[in-house]
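Sequences and hints are given; from them, build the entire structure.
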Amino acid sequence: MRSPLAVTRRRLLATAVGLGATSAGALVAARLLSSSSGPTSSGDLPLSRPSAPVGGVTVGPSMPAGAVAGLPGNLLTIYGAPGTFGNLDDRSAIEIAGVPGWGFGPGQAAFLSAVAADGTVFLATTPFTDDQAKLTGTGMEIEIFEPAAERFTRLVIPSTKGRTSLPRADPNYHGVGGGDISDVIVVPGPDGTERVVFVSLMPFFGWNTSIDGELPSIGQLRRDSPGGRWAYDRTASRTAAQLAGTAPPHVAALAFPVLAPLEPRSPRGPSSIARLPRSGHLVIAQYLGTGVGGTDNGALLVVDLAGRVRAHWQYPQVRPLGLELVVNPREVVADPTSEPDDERFVLISDVRGLDFRAQPFPVQEFSYSASRGTISPRSTAVRAVQDGSRMESAVFGADGTLYVARTKADGLRAETLAVYPKIDGERGLVTRAPATGNWPVDTWGIANRPDYLVAGTDRGGLVRSITLDPATGAVLLAGLDGLVQVVRPAGRGTRMTFRTDRPIDVGLSRLRGPATRYVGVRRGAVDARRRSLWLPVNQLLLDGLPWPYPPFKLDQWLLRVNLDVLLGDG
Numbered sequence: 001m002r003s004p005l006a007v008t009r010r011r012l013l014a015t016a017v018g019l020g021a022t023s024a025g026a027l028v029a030a031r032l033l034s035s036s037s038g039p040t041s042s043g044d045l046p047l048s049r050p051s052a053p054v055g056g057v058t059v060g061p062s063m064p065a066g067a068v069a070g071l072p073g074n075l076l077t078i079y080g081a082p083g084t085f086g087n088l089d090d091r092s093a094i095e096i097a098g099v100p101g102w103g104f105g106p107g108q109a110a111f112l113s114a115v116a117a118d119g120t121v122f123l124a125t126t127p128f129t130d131d132q133a134k135l136t137g138t139g140m141e142i143e144i145f146e147p148a149a150e151r152f153t154r155l156v157i158p159s160t161k162g163r164t165s166l167p168r169a170d171p172n173y174h175g176v177g178g179g180d181i182s183d184v185i186v187v188p189g190p191d192g193t194e195r196v197v198f199v200s201l202m203p204f205f206g207w208n209t210s211i212d213g214e215l216p217s218i219g220q221l222r223r224d225s226p227g228g229r230w231a232y233d234r235t236a237s238r239t240a241a242q243l244a245g246t247a248p249p250h251v252a253a254l255a256f257p258v259l260a261p262l263e264p265r266s267p268r269g270p271s272s273i274a275r276l277p278r279s280g281h282l283v284i285a286q287y288l289g290t291g292v293g294g295t296d297n298g299a300l301l302v303v304d305l306a307g308r309v310r311a312h313w314q315y316p317q318v319r320p321l322g323l324e325l326v327v328n329p330r331e332v333v334a335d336p337t338s339e340p341d342d343e344r345f346v347l348i349s350d351v352r353g354l355d356f357r358a359q360p361f362p363v364q365e366f367s368y369s370a371s372r373g374t375i376s377p378r379s380t381a382v383r384a385v386q387d388g389s390r391m392e393s394a395v396f397g398a399d400g401t402l403y404v405a406r407t408k409a410d411g412l413r414a415e416t417l418a419v420y421p422k423i424d425g426e427r428g429l430v431t432r433a434p435a436t437g438n439w440p441v442d443t444w445g446i447a448n449r450p451d452y453l454v455a456g457t458d459r460g461g462l463v464r465s466i467t468l469d470p471a472t473g474a475v476l477l478a479g480l481d482g483l484v485q486v487v488r489p490a491g492r493g494t495r496m497t498f499r500t501d502r503p504i505d506v507g508l509s510r511l512r513g514p515a516t517r518y519v520g521v522r523r524g525a526v527d528a529r530r531r532s533l534w535l536p537v538n539q540l541l542l543d544g545l546p547w548p549y550p551p552f553k554l555d556q557w558l559l560r561v562n563l564d565v566l567l568g569d570g
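Residue numbers (the UniProt record's numbering): 1 to 570.
One or more hints might be untrue.
[Stated by the list, open to error] Ranges of calculated distance between the beta carbons of each label pair, as one might list FRET restraints:
# : residue 1 : residue 2 : range
1 : T77       : R502      : 18 to 24 Å
2 : T337      : P546      : 47 to 53 Å
3 : P248      : S376      : 14 to 20 Å
4 : H250      : V292      : 18 to 24 Å
5 : G175      : P72       : 24 to 30 Å
6 : T337      : P248      : 44 to 50 Å
7 : R449      : L354      : 25 to 31 Å
8 : D564      : R229      : 28 to 34 Å
9 : V385      : A306      : 17 to 23 Å
Honestly, the hints are just simulated from the structure, not real lab data. Positions of the beta carbon are idealized from the N, C-alpha and C atoms, including for glycine.
This is the structure in structure tokens:
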């Protein structure tokens with residue numbers, strides 16, 4: 001019997017505004033599919049418009065003549081398997097680097113990235129559908145690239161029973177199974193070395209857990225010896241059931257519910273993770289609700305590096321102007337200037353109505369107290385302007401200035417960058433729109449006009465990656481159409497100015513044509529020491545082939561942007 005509402009984030013947002021509707025990763029918007037549910041079809045959706053490709057298509061908004069800067073020499077190097085670079089060759093301005101042994105597993109596409117102090121790059125993985133409810137692989141894996149040695153490692157994550165291939169039991173799914181990796185970060189470990197921490201939105205897909213075991217909801221990697229290879233740390237990784245075992249019963253029941261008989265506990269779709277700078281604890285966005293009979297709203301979770309639950313906060317029901325909405329937390333970003341016991345972070349959420357139409361996405365500021373084990377909203381959820389535009393993705397500067405990439409109401413084109421500086425210890429998110437009174441009803445979704453809207457940043461496709469170069473303070477934007485743009489802030493507080501460079505086209509259209517497959521960038525990672533911005537470049541099928549289909553491989557790449565050249569310092 002099929003789940004009555006198998007609705008995904010990519011599909012529900014595409015029904016609302018068409019091509020390119022989703023933003024930083026197509027995540028599940030209803031509940032996890034039960035082990036008895038069958039393949040989804042358009043008949044499951046309450047709206048008739050079909051879902052549309054959103055994975056960073058090569059055809060994006062056109063740019064006016066002269067709006068794109070020429071490509072400087074020595075700026076770009078693209079890494080991948082030998083012979084997979086399409087129309088790029090030795091005559092191209094983009095350097096190509098074929099890496100022996102480079103290869104993602106069947107059904108796995110490049111997703112978000114992180115970089116370690118030694119320069120190692122880690123890549124999360126997502127299905128070819130760009131939809132974690134519609135997996136296309138056979139297991140769970142994270143990719144590791146060591147640039148100095150040009151060495152690529154496909155690291156497959158085993159289950160608690162040691163299984164690395166976990167197909168769904170139902171043969172109608174053609175061997176599809178395993179899980180995704182929805183986010184990855186690098187953090188300092190308790191022994192002075194670095195750890196890699198990842199989360200999985202969909203760590204279970206309908207196999208027999210008594211035989212095959214469970215995949216982690218939160219996992220860790222560490223070096224197997226000083227100077228050795230990166231390896232999966234089974235003892236530091238946690239399934240949803242293991243996390244539940246560290247929480248009080250009432251918290252465990254809410255944060256890690258059992259959605260159906262014979263299924264493991266659900267982690268409720270961990271979609272994003274950030275390290276809080278004072279406590280070292282990890283805040284995680286739980287995208288999903290609690291299942292049938294509960295709430296469709298997501299939640300926030302804080303754990304420590306040992307995998308113990310420290311705090312949990314359920315997003316309340318919101319009814320602005322009497323309109324009931326569903327809030328799915330998608331991205332968390334921590335403020336590096338946080339004070340002890342008042343560690344600030346912002347949350348960007350996907351939002352839909354009960355008719356499954358997308359609403360403009362808001363940003364909201366929160367505080368975490370490690371001593372009290374509490375998460376508290378400090379601002380209400382706000383939009384920059386009440387024009388249908390969306391808060392898309394965010395990054396903090398070293399001084400606590402918050403930069404928020406925005407998207408126009410069509411879900412396809414970039415809108416101007418919003419800036420909220422920290423002034424007298426607070427940002428305007430809190431001083432102008434505090435979370436007071438009955439904020440989920442009275443003030444949720446109000447406009448909180450940024451202190452600055454940066455002119456010239458509303459050209460090209462929606463921003464897939466917003467990062468910051470700590471050496472210069474430059475904000476680095478990368479859009480779905482492969483346009484990279486630099487914003488150079490100066491000053492602070494009420495006396496900030498911004499210089500915006502012309503975008504640079506990184507040449508995604510030369511890798512593959514857009515007819516049936518889609519090539520796009522995802523969230524990058526900055527290696528300030530080696531002056532590099534690493535951008536994952538993925539190839540997806542999206543709706544180009546009816547799902548489910550037997551797992552197979554598609555080429556994936558990693559792009560290095562030379563920051564010295566990009567910023568004019570080399």
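A quick look at each hint next to the structure:
no.: 1; hint: T77 x R502: 18 to 24 Å; verdict: holds (21 Å)
no.: 2; hint: T337 x P546: 47 to 53 Å; verdict: holds (49 Å)
no.: 3; hint: P248 x S376: 14 to 20 Å; verdict: holds (19 Å)
no.: 4; hint: H250 x V292: 18 to 24 Å; verdict: holds (19 Å)
no.: 5; hint: G175 x P72: 24 to 30 Å; verdict: violated (46 Å)
no.: 6; hint: T337 x P248: 44 to 50 Å; verdict: violated (32 Å)
no.: 7; hint: R449 x L354: 25 to 31 Å; verdict: holds (29 Å)
no.: 8; hint: D564 x R229: 28 to 34 Å; verdict: holds (30 Å)
no.: 9; hint: V385 x A306: 17 to 23 Å; verdict: violated (43 Å)
The structure fails hints 5, 6, 9 (numbered hints given earlier, in ascending order).
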